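Asks: Chains A and B supply the protein sequences, listed in that same order. Start counting the first sequence at 1; every next residue gets the next number (my numbering). Start counting the second sequence at 331; every next residue gets the next number (my numbering).
Careful, some of the hints might be misleading.
With a straight-line cut-off of 25 Å between C-alpha atoms, the simulated BS3-like cross-links for lysine-lysine are [what the hints assert, rightly or not]:
no., chain 1, residue 1, chain 2, residue 2
1, A, Lys78, B, Lys610
2, A, Lys203, B, Lys918
3, A, Lys107, A, Lys78
4, B, Lys823, B, Lys760
Pair by pair, the computed Cβ-Cβ distance ranges are [unchecked claim]:
no., chain 1, residue 1, chain 2, residue 2, range
5, B, Asp351, A, Gly113, 51 to 61 Å
6, A, Ala126, B, Pro685, 49 to 59 Å
7, A, Pro232, B, Pro562, 35 to 45 Å
Some chain B residues close to chain A (C-beta under 10 Å, calculated; not the full set) [claimed, not checked]:
no., residue
8, Ala349
9, Leu364
10, Arg437
11, Arg579
12, Gln588
13, Ile604
14, Thr631
15, Tyr710
16, Val712
17, Gln792
18, Ser937
19, Tyr939
Read the hints as simulated data drawn from the structure, not as lab findings. Since the model is a prediction, treat every value here as computed from it, not as a measurement. Quick reminder that beta carbons are idealized off the backbone N, C-alpha and C, glycines included.
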Amino acid sequence: MAKSPHLVFMPDRLLEYSRLSRPDRSRAAKQVAPLTHLQRLEAESIHIMREVVAETQRPVMLYSVGKDSAVMLHLARKAFFPSVPPFPLLHVDTTWKFKAMYELRDKMAKDSGMQLIVHQNPDAKARGINPFDHGSLHTDLWKTEGLKQALDQYGFDAAFGGARRDEEKSRAKERIFSFRSANHRWDPKNQRPELWRLYNTKKAPAESIRVFPLSNWTELDVWQYIHLEKIPIVPLYFAAERPTVVRDGLILMVDDERFRLKDGETPVPRSIRFRTLGCYPLTGAVESQAASVPQVIQEMLLTTTSERQGRAIDHDQTASMEKKKQEGYF
Amino acid sequence: MARAVPALDGGYRAQDLVARDIDAYLAAHQHQSLLRFITCGSVDDGKSTLIGRLLYDSKLIFTDQLAALEADSRRFGTQGQEIDFALLVDGLAAEREQGITIDVAYRFFATDQRKFIVADTPGHEQYTRNMVTGASTADLAVILIDARKGVLTQTRRHSYLAHLLGIRKLVLAVNKMDLVSYDQATFDAIVADYRAFAISIGITDFTALPISAFKGDNVTALSPHTPWYGGPTLIGHLETVEIDQAAGRAGPFRMPVQWVNRPNLDFRGFSGLIAGGAIKPADPVRILPSGKISQVARIVTLDGDLDVAVAGQSVTLTLTDEIDCSRGDVISVANARPQIADQFEATIVWMADEPMLPGRPYWMKLGTQLVSATVQAPKYQVNVNTLEHLAAKTLELNAIGVANLSTDRPIVFEPYQDSRDLGGFILIDKVSNATVAAGMIRFSLRRGQNLHWQPVDVGREQQAQLKNQKPAVLWLTGLSGAGKSTIANLVSKKLHRMNRHTFLLDGDNVRHGLNRDLGFTDADRVENIRRVGEVARLMTDAGLIVITAFISPFAAERRMVREMMAPGEFIEVHVDIPLAEAEARDVKGLYKKARAGQLANFTGIDSPYEAPAAPEIHIDTTKMTAEEAADLIVEALLGRA
Chain A
1 MAKSPHLVFM
11 PDRLLEYSRL
21 SRPDRSRAAK
31 QVAPLTHLQR
41 LEAESIHIMR
51 EVVAETQRPV
61 MLYSVGKDSA
71 VMLHLARKAF
81 FPSVPPFPLL
91 HVDTTWKFKA
101 MYELRDKMAK
111 DSGMQLIVHQ
121 NPDAKARGIN
131 PFDHGSLHTD
141 LWKTEGLKQA
151 LDQYGFDAAF
161 GGARRDEEKS
171 RAKERIFSFR
181 SANHRWDPKN
191 QRPELWRLYN
201 TKKAPAESIR
211 VFPLSNWTEL
221 DVWQYIHLEK
231 IPIVPLYFAA
241 ERPTVVRDGL
251 ILMVDDERFR
261 LKDGETPVPR
271 SIRFRTLGCY
281 PLTGAVESQA
291 ASVPQVIQEM
301 LLTTTSERQG
311 RAIDHDQTAS
321 MEKKKQEGYF
Chain B
331 MARAVPALDG
341 GYRAQDLVAR
351 DIDAYLAAHQ
361 HQSLLRFITC
371 GSVDDGKSTL
381 IGRLLYDSKL
391 IFTDQLAALE
401 ADSRRFGTQG
411 QEIDFALLVD
421 GLAAEREQGI
431 TIDVAYRFFA
441 TDQRKFIVAD
451 TPGHEQYTRN
461 MVTGASTADL
471 AVILIDARKG
481 VLTQTRRHSY
491 LAHLLGIRKL
501 VLAVNKMDLV
511 SYDQATFDAI
521 VADYRAFAIS
531 IGITDFTALP
541 ISAFKGDNVT
551 ALSPHTPWYG
561 GPTLIGHLET
571 VEIDQAAGRA
581 GPFRMPVQWV
591 NRPNLDFRGF
601 SGLIAGGAIK
611 PADPVRILPS
621 GKISQVARIV
631 TLDGDLDVAV
641 AGQSVTLTLT
651 DEIDCSRGDV
661 ISVANARPQI
671 ADQFEATIVW
681 MADEPMLPGR
691 PYWMKLGTQL
701 VSATVQAPKY
711 QVNVNTLEHL
721 AAKTLELNAI
731 GVANLSTDRP
741 IVFEPYQDSR
751 DLGGFILIDK
761 VSNATVAAGM
771 IRFSLRRGQN
781 LHWQPVDVGR
791 EQQAQLKNQK
801 PAVLWLTGLS
811 GAGKSTIANL
821 VSKKLHRMNR
831 HTFLLDGDNV
841 RHGLNRDLGF
851 TDADRVENIR
861 RVGEVARLMT
871 DAGLIVITAF
881 ISPFAAERRM
891 VREMMAPGEF
901 IEVHVDIPLA
911 EAEARDVKGL
921 YKKARAGQLA
931 NFTGIDSPYE
941 APAAPEIHID
951 TTKMTAEEAA
961 DLIVEALLGR
971 A
């Protein structure tokens with residue numbers, strides 16, 4: 001099997017197809033391999049992004065620096081090439097992300113040529129809200145409130161998010177175009193049907209839309225695409241020896257001096273990696289030796305627990321995603 | 331926690347290969363194709379059990395989810411101590427109680443051959459709307475039948491809808507074979523029954539399988555209980571069935587333009603998703619609706635220029651000529667162009683609680699075109715259970731009907747049966763912004779193509795100049811008894827004295843003549859206003875200042891009339907009166923009658939009044955006399971730029 005460094009847009013047989021005379025073409029077309037699933041997903045995501053840019057006033061891309069954001073940004077660059085994607089990146093920062101995330105964020109903004117807006121909730125900052133003392137309030141203020149503040153402040157009427165339907169039960173029912181009231185509430189009783197490739201973007205002036213171009217991607221699709229397209233991701237997704245402590249069954253990484261060690265707690269070096277990335281004191285790692293994308297995929301396929309298990313936010317209030325979304329969490 | 335072990339076979343994934351050689355596994359998987367399908371059936375048919383099993387056998391269920399499933403099975407399950415697969419996908423009951431819209435949930439699984447996206451639609455009252463939504467993106471439909479019950483009304487309904495939405499790959503899964511002792515005669519009888527029905531509605535081809543979703547027979551592995559069955563397993567069939575894409579690719583090239591890509595003055599590209607056919611550089615193309623001809627210069631992507639692109643791909647094309655082309659246009663192969671028309675016959679599926687109003691303008695989105703469209707009263711409605719054609723004046727939630735519709739400008743389209751992308755459309759309410767209907771164009775109406783606008787030599791400008799005035803429509807709206815007619819009369823008199831040529835269209839008077847065939851239902855009110863709007867427009871063409879006095883309760887119709895007029899010529903006057911005040915005055919005694927139930931559909935009582943959000947003139951009748959109001963209106967009219 002030949003190595004395939006890029007997602008080749010054309011199966012080999014399509015090249016031959018282009019050399020055929022017109023009468024032979026319709027016969028040949030039937031024999032050409034169909035688009036691969038990743039090509040179809042890619043085309044769908046690009047189509048969605050272009051619809052948003054064509055039909056909304058002031059779109060923005062929510063960029064959380066995770067692997068889904070990385071794929072979304074990559075797709076945006078494809079969708080608008082040779083133009084720079086005609087919207088800014090917005091990072092709703094909690095000040096508690098991993099250092100490696102901040103590094104990649106700044107690099108990607110520079111490479112893409114897009115404007116990067118970093119928003120930190122001034123209220124949460126003033127009150128010193130942190131993951132050690134404030135539990136779910138931390139997420140609430142920095143992320144949920146911070147996001148609303150940023151959207152209001154800049155007057156964005158459409159925001160791309162990297163959520164996938166396979167992540168979690170309540171996402172499976174959410175539309176690709178999800179409408180929010182003037183105060184950012186989601187009304188699950190009033191969702192618009194989405195037929196064919198037709199998205200209704202009409203809305204009242206104060207309303208906004210959250211758009212999920214990766215809705216139909218699975219975790220495996222995302223990883224496979226990162227592999228094929230060689231998309232840069234935060235190194236924390238790959239296993240390395242890192243200083244850790246274990247609390248409440250979660251392996252936490254001691255990423256900087258702000259981590260409050262309890263009496264008798266000393267960081268222990270473990271070979272770990274992360275399946276999802278968030279605020280470092282809230283994100284659980286898994287012990288792993290997987291140091292490359294194929295190895296990560298291998299581990300994922302052989303593993304037995306679902307992705308969100310590593311996120312403290314979901315444990316805090318079970319089945320709370322629906323509620324959080326109604327309040328404006330992405 | 332032990333890892334999940336599929337019940338009957340080794341699952342779909344080559345776990346050995348993953349463990350042994352992940353690179354080989356990935357190389358094989360990157361060439362996988364994607365099949366989108368919909369499952370049709372109610373909970374009783376075992377639909378959730380089937381989907382649950384597909385997810386379970388593909389090992390997409392992790393141990394934490396499995397632990398929850400086992401606990402739920404013991405608590406809520408209907409299968410004794412065994413795992414109830416239905417619980418995996420049926421988290422829906424509680425949500426339904428909360429009133430959450432669950433039209434379609436999408437599930438994902440994969441085998442070593444293919445990726446699958448399943449549209450799962452809950453089978454309850456909203457079924458038609460939900461299934462139409464799910465089917466619109468599906469390549470294939472699995473129709474589930476309970477072997478004990480055979481072909482039912484709902485089987486016919488599901489098959490009809492799948493066929494209507496253009497799904498040409500049908501699978502008839504005769505489920506619960508374990509409960510009929512895997513009896514071949516039962517299976518054969520059901521298939522024969524179904525075949526007779528299928529042929530009657532134009533389904534020429536389907537694949538029938540005997541299965542038990544609960545026991546796993548013929549789902550992922552051939553069952554020892556059905557030695558008489560010689561076909562593939564359900565998964566085997568789904569993995570190998572041909573995907574319709576190839577057909578779309580063989581057709582003529584079409585690409586609706588989504589966005590014009592202009593990074594700098596030297597580059598002008600047209601971005602879109604190819605709806606049909608294939609394209610390569612140097613191919614001659616035609617831009618529609620303008621009809622201009624050009625040639626493809628490059629197919630531009632981030633990964634480098636392409637030599638060819640096919641249906642389903644998102645690309646950016648550059649052309650060899652500097653010609654006009656923008657969002658809403660369609661780039662087509664030069665010698666086989668799609669049609670252009672502004673009147674159509676279409677099948678319409680109504681999806682909103684508020685029924686369709688014939689004559690009301692809705693936004694219509696087809697491909698990347700957005701136009702204003704009105705639907706006429708349906709020619710007939712289809713009873714989805716019996717497939718009979720019924721007479722209908724409107725379409726209500728979940729109703730399917732055939733109707734003519736006309737657009738305010740010509741659009742580029744193809745019949746739905748030739749192209750989902752250029753034949754399928756949605757209708758959007760102009761006030762609520764809700765998606766109220768889905769439609770499929772059957773064909774264009776010839777009269778639309780043959781009716782041309784007759785140019786006249788003495789036009790509206792000449793007419794207005796002769797009268798030395800600017801034409802306008804003073805549109806008075808408000809509750810019955812607000813004083814619209816009184817004020818309108820005064821305005822007319824005042825303007826007449828100032829040598830202005832006016833005409834007063836009064837609601838009651840018009841209903842004695844032009845509109846005497848109309849009543850007071852919502853649909854008739856819409857038509858009433860539409861006709862008055864058209865008459866008012868003719869009068870402004872004649873250079874007149876038109877004064878109208880109609881309750882005109884709906885924002886959408888006032889907006890429709892506004893859009894008929896030249897910009898600035900429509901002046902909305904809200905004659906505002908509190909309902910209690912109007913009812914207290916009750917000059918014509920109508921409120922009393924309405925309250926007594928002798929008058930139906932009376933505005934303010936049992937029919938709504940939608941007050942204008944931003945009228946050009948607002949008259950507060952509690953603060954000024956009719957005389958003062960008339961002065962205010964005349965002043966505003968003559969003072970306008």
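Asks: All the hints need checking, so say for each whether the structure fits it.
Replies: We went through each hint and held it up to the structure:
no.	hint	verdict
1	A:Lys78 to B:Lys610	19 Å, holds
2	A:Lys203 to B:Lys918	40 Å, violated
3	A:Lys107 to A:Lys78	18 Å, holds
4	B:Lys823 to B:Lys760	36 Å, violated
5	B:Asp351 to A:Gly113: 51 to 61 Å	39 Å, violated
6	A:Ala126 to B:Pro685: 49 to 59 Å	53 Å, holds
7	A:Pro232 to B:Pro562: 35 to 45 Å	43 Å, holds
8	Ala349	6 Å, holds
9	Leu364	4 Å, holds
10	Arg437	7 Å, holds
11	Arg579	4 Å, holds
12	Gln588	4 Å, holds
13	Ile604	9 Å, holds
14	Thr631	6 Å, holds
15	Tyr710	22 Å, violated
16	Val712	18 Å, violated
17	Gln792	39 Å, violated
18	Ser937	24 Å, violated
19	Tyr939	20 Å, violated
Hints 2, 4, 5, 15, 16, 17, 18, 19 from the list above are not met by this structure, while the remaining hints are.
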